[in-house]
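Put together the whole structure using the sequences plus the hints.
In our numbering, the protein residues as written are 1 to 174.
If you are wondering where the hints come from, they were derived from the structure by calculation, not from laboratory data. Beta carbons: idealized from backbone N, C-alpha and C, even for Gly. One or more of the hints may lead you astray.
[To be verified] Below, in silico cross-link-like pairs of lysine to any residue (SDA-like), each with a Cα-Cα straight-line distance of 25 Å or less: (1) Lys75 x Gln4; (2) Lys14 x Asn44; (3) Lys25 x Ala74; (4) Lys75 x Tyr8; (5) Lys14 x Tyr45; (6) Lys14 x Gly27; (7) Lys75 x Leu90; (8) Lys14 x Ser105; (9) Lys75 x Asp11; (10) Lys14 x Leu49.
[Claimed, not checked] Estimated spans, in silico, between C-beta atoms of each pair: (11) Ser172 x Thr121: 14 to 20 Å; (12) Met163 x Lys75: 22 to 28 Å; (13) Thr91 x Asn26: 25 to 31 Å; (14) Arg154 x Ala86: 31 to 37 Å; (15) Gln127 x Asn157: 24 to 30 Å.
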Amino acid sequence: MDDQRYLYVSDYVKNEVRRYRLGEKNGTLIAGGNGIGDGLNQLNYPTYLFVDRDHSVYVSDNNNHRVMKWVEGAKEGIVVAGGQGAGNALTQLYWPNGIFVDTLSTLYVADSNNNRVMRWTQGDKTQGAVIVGGNGQGEGANQFNYPIGLSFDRHDNLYVADMNNARVQRFSIE
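In structure tokens:
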């Protein structure tokens, strides 16, 4: 939900994102809606969403292994992370899920099948940095088994929902 009380919903069956006002039945198409695919106006299994202060919508485009940004009113999205096929290079994601964008427009991504959390800074859209995890699948303090969600608290601590380890881990991020 954004600051104007709109609810955003990702529909992985219709491969689209819609925005709803209270009481509205159909909503407004925000992203995708052009069938399944990897075009800039398409999505393939959208999962997690993040809405920033400018009402741009960030979408984890799971099966395209990318995160898309849709500026309010845009007909096409912008690839802001991944989009280079599934893989573990710093330019790639493998089933991205939870996302968070801070006030400096830095993007954080739960890169689920790579068992890591990545960060993309505003100036570098081509390559991210691993900030936690990336040490193989496991139960260790800096390991994950399918990290799925993430969030920050007001003290800049990162919380990661580690699905297959049935835990939430907290990290201090510099």
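Check: Looking at the structure, which of the earlier hints fail to hold?
Finding: 7, 8, 12, 13
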